[in-house]
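Generate coordinates for the entire structure from the input sequences, incorporating the hints supplied.
There are 2 protein chains.
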Amino acid sequence: MRLRLLLAAALAAVTLCRAVPGLAQTDIVEKRIFEAGEHRLRSGATLPGLRIGYQTAGTLNAAGDNAVLVAHFFSGNSHAFGRYAADQPPGYWDAIIGPGKAIDTDRFFVVSSDTLVNLNVRDGRTVTTGPVSVNPATGRNWGTDFPVVSMRDFIEVQKRLLDSLGVKRLALVTGPSMGALQAIEWAAAYPEMIDRVMPVIGTGAVDPWMLNWLDIWEAPIRLDPNWRNGDYYAAGREPPLAGLAAALKIVSVHAQDRPAMARFGRAVPEGQDPARRLGDRFEAERVLDEAAMARARASDANHFLYLTRANQLFLNDYPSTEAALGRSQARWLVIASPTDRVFMLDYNRELLATLQRAGRPAELLEVTGPLGHLNGVVGMAPLADRIRAFLTAP
Amino acid sequence: MRLRLLLAAALAAVTLCRAVPGLAQTDIVEKRIFEAGEHRLRSGATLPGLRIGYQTAGTLNAAGDNAVLVAHFFSGNSHAFGRYAADQPPGYWDAIIGPGKAIDTDRFFVVSSDTLVNLNVRDGRTVTTGPVSVNPATGRNWGTDFPVVSMRDFIEVQKRLLDSLGVKRLALVTGPSMGALQAIEWAAAYPEMIDRVMPVIGTGAVDPWMLNWLDIWEAPIRLDPNWRNGDYYAAGREPPLAGLAAALKIVSVHAQDRPAMARFGRAVPEGQDPARRLGDRFEAERVLDEAAMARARASDANHFLYLTRANQLFLNDYPSTEAALGRSQARWLVIASPTDRVFMLDYNRELLATLQRAGRPAELLEVTGPLGHLNGVVGMAPLADRIRAFLTAP
Chain A
1 MRLRLLLAAA LAAVTLCRAV PGLAQTDIVE KRIFEAGEHR LRSGATLPGL
51 RIGYQTAGTL NAAGDNAVLV AHFFSGNSHA FGRYAADQPP GYWDAIIGPG
101 KAIDTDRFFV VSSDTLVNLN VRDGRTVTTG PVSVNPATGR NWGTDFPVVS
151 MRDFIEVQKR LLDSLGVKRL ALVTGPSMGA LQAIEWAAAY PEMIDRVMPV
201 IGTGAVDPWM LNWLDIWEAP IRLDPNWRNG DYYAAGREPP LAGLAAALKI
251 VSVHAQDRPA MARFGRAVPE GQDPARRLGD RFEAERVLDE AAMARARASD
301 ANHFLYLTRA NQLFLNDYPS TEAALGRSQA RWLVIASPTD RVFMLDYNRE
351 LLATLQRAGR PAELLEVTGP LGHLNGVVGM APLADRIRAF LTAP
Chain B
1 MRLRLLLAAA LAAVTLCRAV PGLAQTDIVE KRIFEAGEHR LRSGATLPGL
51 RIGYQTAGTL NAAGDNAVLV AHFFSGNSHA FGRYAADQPP GYWDAIIGPG
101 KAIDTDRFFV VSSDTLVNLN VRDGRTVTTG PVSVNPATGR NWGTDFPVVS
151 MRDFIEVQKR LLDSLGVKRL ALVTGPSMGA LQAIEWAAAY PEMIDRVMPV
201 IGTGAVDPWM LNWLDIWEAP IRLDPNWRNG DYYAAGREPP LAGLAAALKI
251 VSVHAQDRPA MARFGRAVPE GQDPARRLGD RFEAERVLDE AAMARARASD
301 ANHFLYLTRA NQLFLNDYPS TEAALGRSQA RWLVIASPTD RVFMLDYNRE
351 LLATLQRAGR PAELLEVTGP LGHLNGVVGM APLADRIRAF LTAP
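Protein chains in written order, with this note's numbering: chain A, 1 to 394; chain B, 1 to 394.
Worth flagging that the hints you see were computed from the coordinates, not collected in a lab. Do not take every clue at face value.
It does not matter which identical chain is used: a pair holds within one copy or between any two.
Said to hold, decoys possible - List of simulated lysine to any residue pairs, SDA-like, C-alpha gap at most 25 Å:
{"id": "1", "residue 1": "K159", "residue 2": "F264"}
{"id": "2", "residue 1": "K159", "residue 2": "A275"}
{"id": "3", "residue 1": "K101", "residue 2": "P394"}
{"id": "4", "residue 1": "K159", "residue 2": "R276"}
{"id": "5", "residue 1": "K159", "residue 2": "R237"}
{"id": "6", "residue 1": "K31", "residue 2": "V127"}
{"id": "7", "residue 1": "K101", "residue 2": "R295"}
{"id": "8", "residue 1": "K159", "residue 2": "A353"}
This one's a predicted model, so the numbers in the text were calculated from it and none came from an experiment.
Structure representation (structure tokens):
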């Protein structure tokens, strides 16, 4: 599988760097925290102590106009590029971000941050504000008293981070999947400060079909008796891990494609007999269930619910995508995976058509591979030259 | 929407028949019950009192070789054609089955039956044997003590029904979705008695991707605390309606496509505010939730679990689709919907390739429309001439 190959290649690269004296590791990045204090959400609600994690690479120029913002996918975080230590794996888009790479950190100041209500709140690397955070007014976790946040709120937090760093213009705003939605929301919110937009495996509209899929994703959490309407943080209470794992499994299967799991065939684990016992499983189910449960332990169920809602609220301040992007002056490169089962190719073709009707320079490029939607996360290397050309065109 | 148009057309036809004296209604069918007594499953387990519902149209000829078997989809039953009364709606494939229609009941003896563990066990029209049935050994509902059944068991029950009716050969075995899987399982089990196979919106293999999707469909039931490991039939216990409704909603959304729900836009129901309250909903969610709950009340959660398992056990007696269909001597017409999100076009292309490699006459035809997978259930009328030609070719 490509994922395994990538991991193997990544490990080989680490070994090489260690083996060759004098070959310095240039891709170490540091996870930082942006303490923003009070933050007013678009709904009017106020967050008293906003903090999010972020990382940067490259150097901001004096004009503050060589910045690139990379926004992450649904289950991702700021780790788009670089390594936190020499023996750690690189970020998800490291193939296209770094010194001399397509998004060249010798030329651009690249920023990536954790969103509000980030899913990976328990992974030890993610810094976010959401239902798990402590509400200073009560001294307890917010739970579902946390205010609803929208995709636009994600952008407003990133805007404050960029302001704090001195960024004046974005040479590029980009990201895969939910990162593409954030890039588009940026283009709608701050058209005057953006040169280029590159939404990858995204959509220009969350339509009723997608509203319902997001609801399907989260339904298992609401059904888990341990969810207790979001009130499960008190000592002695179990979090709704089974529901969260089931939710994460839906996302995981939806975001892949048939070849990604073909190797399991119809194998049955030792001791299991699905043809005779209703509770028994196929190997393909067992492996995905275990992976989902491992991820559930690093995540939080309420954060999942807030995150799906933020996605449902994509471009929620505008009557249509056309209206939202009417003031964009950017160049656009839309990248889609033809085997994407989440944001199907049609969504991307419709976005392209909307941009072209508005007279924007826009192109659609396909990212292929065996992983469906996830081709846009782990299969971007072959598009490096096209992305470089997009960034260097006058 | 096409569904509404179809319903309107059906109502208009009923009105016309009533209005014109002497124009007899020729499409009345009767729901009958096949009492099969003891039945031995492929697993070796025995069902003591097997009964299933069925319906027929047309007349079996003396040779018993003009029969057509129509197998139903996941959430369907025997009602593929005709009406139970003049003021009742027609069956799901009535556009292509009936006197003078593509599957001509003036020429063929058409049979359709309810499967084992049928989902619609509480709709008042479905007769099935499954977890809701009473186990004569205990006098109580089987629940999850009911033995696991496979797609092949569905076929063996249908074989006994056909035997009881005097059927010697099948001029055609067909059905949409899970009905296509049954048609293929028939072609594998009884190749010597089948002239033609027409799988519609199906697949030739339930691969690891599909094994996991079937698991995703059922996960909400297992999470519902009212499920109680399937033991919810006793007086005073509530059935797991919330979990079953969530499961049925996944099936419903998966089996449709974007245009099917486009009319809801991003409307918000009166009094709801999803941008401010986590529990509030969009109209598109509310409508699908209500439809799913209405269906849940006519269904049974354990039957859902057994039905997904039977689908996972498709062609489970064979090492591969190629091996399963190696003895088929039939002509094949594979019909697929290009916007199918369940059994994607690729599944059907692979089935076609398998058949062609085996030297079988086989053709792939597309059924189009706004409903994705369901085009193969409600959008078949435009293919009538092609199906007629397939059935009349020498």
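Against the structure, the hints:
| no. | hint | result |
| --- | --- | --- |
| 1 | K159 / F264 | neither (45 Å within a copy, 33 Å between copies) |
| 2 | K159 / A275 | between (55 Å within a copy, 21 Å between copies) |
| 3 | K101 / P394 | within (19 Å within a copy, 63 Å between copies) |
| 4 | K159 / R276 | between (57 Å within a copy, 22 Å between copies) |
| 5 | K159 / R237 | neither (37 Å within a copy, 53 Å between copies) |
| 6 | K31 / V127 | within (9 Å within a copy, 62 Å between copies) |
| 7 | K101 / R295 | neither (30 Å within a copy, 54 Å between copies) |
| 8 | K159 / A353 | neither (28 Å within a copy, 53 Å between copies) |
In summary, the structure is inconsistent with hints 1, 5, 7 and 8 from the numbered list given earlier, while agreeing with the others.
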